[in-house]
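Trainee: So the sequence lines, in the order shown, correspond to chains A and R. Start counting the first sequence at 1; every next residue gets the next number (this note's numbering). Start counting the second sequence at 1001; every next residue gets the next number (this note's numbering).
Rather than coming from a laboratory, the hints here were simulated on the basis of the structure. Just so it is clear, the structure is predicted and the values come from calculations on it, not from any experiment. Be aware that one or more of the hints could be misleading.
As the list claims (entries may be wrong) - Label-pair distances were calculated between CB atoms; the ranges are: (1) Met-1081/R to Ala-329/A: 47 to 57 Å; (2) Tyr-61/A to Asp-1212/R: 52 to 62 Å; (3) Leu-241/A to Arg-1400/R: 48 to 58 Å.
Said to hold, decoys possible - Simulated crosslink set (DSS-like; lysine-lysine; CA at most 30 Å straight-line): (4) Lys-21/A to Lys-1017/R; (5) Lys-1300/R to Lys-217/A; (6) Lys-1004/R to Lys-278/A; (7) Lys-218/A to Lys-1300/R; (8) Lys-218/A to Lys-1002/R; (9) Lys-1017/R to Lys-218/A; (10) Lys-1017/R to Lys-14/A; (11) Lys-1371/R to Lys-65/A; (12) Lys-218/A to Lys-1004/R; (13) Lys-14/A to Lys-1343/R; (14) Lys-1026/R to Lys-1300/R; (15) Lys-323/A to Lys-21/A; (16) Lys-1300/R to Lys-21/A; (17) Lys-1004/R to Lys-323/A; (18) Lys-1017/R to Lys-217/A; (19) Lys-1303/R to Lys-14/A; (20) Lys-1082/R to Lys-1132/R; (21) Lys-1301/R to Lys-14/A; (22) Lys-320/A to Lys-1262/R; (23) Lys-323/A to Lys-1262/R; (24) Lys-21/A to Lys-1301/R; (25) Lys-278/A to Lys-1262/R; (26) Lys-1300/R to Lys-14/A; (27) Lys-1304/R to Lys-14/A; (28) Lys-1026/R to Lys-1286/R; (29) Lys-69/A to Lys-1371/R; (30) Lys-1100/R to Lys-1082/R; (31) Lys-217/A to Lys-1002/R.
Even for Gly, the Cβ is constructed at its ideal location relative to N, Cα and C.
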Amino acid sequence: MNNRLAVSLSPHEKGDLSVEKIMWGVVIALAPASLAAVYFFGYRAIGVVVLGMIFCIAVEYLVQKFITKQTITAFDGSAAVTGLLLAFNVPSGIPWWQLLVGSIIAIGVAKMTFGGLGQNPFNPALIGRAFMLASFPVEMTTWPVPLVNAWNLGADAVSSATPLGLLKEGIKAGQTVQQLAGKFPGYFDMFIGHMGGCIGEVSALAILMGGAFLLYKKIITWHIPIFYLLSLAVFTGVFWLVNPAKYADPLFHILAGGAMLGAWFMATDPATGPMTPKGQVIFAVSGGILCGLIRLMGSYPEGCSYSILIMNAFVPLIDKFAKPRRFGADARR
Amino acid sequence: MKLKTFTPGGVHPPANKLSANTPTVKLGLPKEASIPLSQHQGASAVPVVKKGDAVKVGTLIARGEAFISANIHSSVSGTVMKIDDVLNASGYKTPAIIIKVDGDAWEENIDRSENLINDITLEPEAIVAKMKEMGIVGLGGATFPTHIKYMMSDDRKADTLVINGVECEPYLTADHRLMLERTDEILQGVRIMMKAGKVDRAVIAVEANKPDAVAIMQTRLGAGQNGCFTGIEAAPLAVKYPQGAEKQLLKALLNREIPSGKLPLDVGCIVNNVGTTLAIYEALQKNKPLFERVVTITGKKLKKTGNFLVRIGTPANMLLEALGEEMPEHTAKIINGGPMMGKAINSLDIPITKGIAGIVLLDESEARRRKPMNCIRCARCVAVCPMGLEPYLLERLAERENFAACEAAAVSDCIECGSCSYTCPSARPLLDYIRHGKVNVMRIMRGRRQQ
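Go ahead and model the full structure; you've got the sequences and the hints to work with.
Mentor: In structure tokens:
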């Protein structure tokens, strides 16, 4: 008789979805935004994207090999996703060593300290970005003008400001949104990504293509991105309706800055998000409001990454509150 | 029209119904039949024969004496050799009556003709008594003694009979074949059960991946004479696992939810499998006890697969022999039942019992578990849980043996369908731990009740 029979418990069948498939699926979904980044910001964007991924994978590998002595999972795709997203969250002119510092913080501190894959309470790429913004405020807010000198290896990039930065400065200086409007790129330019900003956040079009891929592949559900953007739009829309001279319209807020990238790729990080649709809606709506609040009231022009990090902190509480409905609970005949 | 199905949760494992088009064949008689005394939920039956007794096909050999138990009848004619422990399909030794087979003499009062008998002469109480006498248990796999489902009180009455022809487990096709081949008898069985349960509505539930079964049921129902099938319908359901589970089936079909710890009768339903329905027809109209059933033998590496009408107590390896097949070389698991909820067994040298709907041979490539990774909190286990539980949380709590928290998180509601483990991209052994939690919580709850 065959003595190699296994007698483990059911189920004996296993679906073919794996962590690797999910993570590399996210990498594929980020491809359009990567291409947009390279199109608008040229060779520097290629460098940032490639280095971001290499740094993050390398940090995870080294930590697992020499410090935690875990099985090496650096190539499961999740470090690659973090590296890509970190790269997407910096301007194209960032010095390579600052990106390395960001990667060490993102993977080494925000992820591996907590036990690695899935154990991190905060989105590692956003922790990396927040650390870099605090440590390198100049480089992190120097925005090369898109398409200018993108492929000119010798020339320095010409810097400009992001639409959100222009808005914040202008309002502070006492101008109205209407007076500032001439300085903003048009909505079509903002939609395709022809504006200053972090390399991966500028093109709403490319991000939407990636988001559609994530939905199609069922890597994410629609709840978080849709409710995050909706909530941001409603929140900023109310202020805009009350005082359109001081507050920009909701479409501007959705297309400008990191809201699109955040809603589709950062807030949807499974490890740092809630476990039920109900919880995800609470998470996303609160995140959208926080983002709007920081943009309209805070001292930073952009609040997307902080809004997500703050909501990450609430996830354990949200999971305790937003339970799935138990089958048969308050069932009526 | 959008087909009905249950919410929440559910998964879509590949159907792999390899034997769906293979007609049922009568399997030959074994040389020796080992008929376990416990083939049902509840207490073991008590032998009423002893070594040396001559028995016929259909002779009562063990009586179900406890409230939850079932009679057992000989499936062969011959001589009782001994009552001894044999390995059963759960991998345990269990006492069985072992009969040396000699010829095939049936009890005279069994009607062996193929005539369809429509007239239902017995009154409801007598029908239920007959179910008990004939050793009828649920043939869907749970093997709950059927007559108990028909014991109603004034405050617990049924209004609907549900016939479960869902067969949502991958690979298994025994019920599918029965619905195609024994349609008329099953429909007469439904009439008997409606009378026994005093209901005037019955729904035969079939998943839409068996359109031929739905069609033949609907045709025959339409051809019924003098409105004899009034109140009976055949309902196709959208394919989703675990739709054959009682709670999910009633939710899908009637939008009724059985509360935690309750039974179908608490929401006015009786649920029986199509195989049970046929057994009831044969018991009532043919005086034939439950001593044979249809068993699927299947697996991707088998050249041929099949459905066999098998006498209870026949060794399972006779099924392979009947196909003319050897055990495929890289077989890694033998499953009693389907791959989602069936039990892995370590030998085919076990007797077929009332609860075995199929034997599935899984190849190494299918059966080996992947190495678990960390939970990435993707929430898919929560989304697919048909009971609205949080498998990721239960797993963690059970792993830490925090049984109080497991109980609070409703671990006892788990129906062990395996959708969570099936889905988990990190290949975590969710259900293994949840079972650990459930067993312990049930034990603690029992202890509390006894105090």
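Trainee: The structure should be examined with respect to each hint, and the outcome stated for every one.
Mentor: Comparing the hints with the structure gives:
Remark: the range hint 47 to 57 Å for Met-1081/R to Ala-329/A is upheld by a beta-carbon distance near 54 Å. For the pair Tyr-61/A and Asp-1212/R, the supplied restraint of 52 to 62 Å holds, since their beta-carbon distance comes to about 56 Å. A beta carbon spacing of about 52 Å between Leu-241/A and Arg-1400/R agrees with the range 48 to 58 Å that was offered as a hint. As the CA atoms of Lys-21/A and Lys-1017/R are separated by approximately 27 Å, the hinted pair is consistent with the 30 Å bound.
Using a Cα cut-off of 30 Å, the hinted pair Lys-1300/R and Lys-217/A holds, with the two alpha carbons roughly 28 Å apart. Restraint check for Lys-1004/R and Lys-278/A: satisfied, since their Cα atoms lie roughly 24 Å apart, inside the 30 Å limit. With a CA separation close to 28 Å, the supplied pair Lys-218/A and Lys-1300/R stays within the 30 Å bound. A hinted pair counts as satisfied when its Cα atoms are at most 30 Å apart, and Lys-218/A with Lys-1002/R qualifies at roughly 22 Å.
Our distance criterion of 30 Å between C-alpha atoms is met by Lys-1017/R and Lys-218/A, whose separation comes to about 26 Å. For the hint linking Lys-1017/R to Lys-14/A, the alpha-carbon distance of about 17 Å falls within 30 Å, and the restraint holds. Restraint check: the Cα-Cα separation between Lys-1371/R and Lys-65/A comes to about 19 Å, which is no more than 30 Å; the hinted pair holds. A threshold of 30 Å between alpha carbons decides the hint, and for Lys-218/A with Lys-1004/R the separation of about 23 Å falls inside it, so the pair holds.
Between Lys-14/A and Lys-1343/R the alpha-carbon distance is near 15 Å, which keeps this suggested pair within the 30 Å criterion. Distance hint between Lys-1026/R and Lys-1300/R is fulfilled; the C-alpha atoms sit about 23 Å from each other, no more than 30 Å. This hinted pair checks out: Lys-323/A and Lys-21/A have alpha carbons roughly 28 Å apart, not beyond 30 Å. In summary, the hint linking Lys-1300/R to Lys-21/A is supported, as the alpha carbons are separated by about 25 Å, within the 30 Å threshold.
Proximity of Lys-1004/R to Lys-323/A is assessed by CA-CA distance (about 25 Å); at most 30 Å being required, the pair is judged to hold. Between Lys-1017/R and Lys-217/A the CA atoms are separated by roughly 26 Å; this keeps the pair inside 30 Å, and the hint holds. Of the supplied pair hints, the one linking Lys-1303/R and Lys-14/A holds, its CA atoms being roughly 23 Å apart against a limit of 30 Å. A C-alpha spacing of about 26 Å is found between Lys-1082/R and Lys-1132/R, which places the hinted pair at or below 30 Å, so the restraint holds.
A hinted pair counts as satisfied when its Cα atoms are at most 30 Å apart, and Lys-1301/R with Lys-14/A qualifies at roughly 18 Å. Straight-line distance between C-alpha atoms of Lys-320/A and Lys-1262/R comes to about 26 Å, which keeps the hinted pair within the 30 Å bound. For the proposed pair Lys-323/A and Lys-1262/R, the alpha carbon gap of about 22 Å is at most 30 Å, so the pair holds. A C-alpha spacing of about 27 Å is found between Lys-21/A and Lys-1301/R, which places the hinted pair at or below 30 Å, so the restraint holds.
A distance of roughly 27 Å separates the Cα atoms of Lys-278/A and Lys-1262/R; the hinted pair therefore holds under the 30 Å criterion. The hinted pair formed by Lys-1300/R and Lys-14/A meets the criterion: a straight-line CA distance of about 15 Å does not exceed 30 Å. For the hint linking Lys-1304/R to Lys-14/A, the alpha-carbon distance of about 24 Å falls within 30 Å, and the restraint holds. The suggested pairing of Lys-1026/R with Lys-1286/R holds, with an alpha-carbon distance near 18 Å, which does not exceed 30 Å.
Restraint check for Lys-69/A and Lys-1371/R: satisfied, since their Cα atoms lie roughly 18 Å apart, inside the 30 Å limit. Note on Lys-1100/R and Lys-1082/R: the hinted pairing holds, with a Cα-Cα distance of about 9 Å set against a maximum of 30 Å. For the given pair, Lys-217/A sits about 23 Å from Lys-1002/R by alpha-carbon distance, which is consistent with the 30 Å threshold.
Checked against the numbered hints above, the structure breaks none of them.
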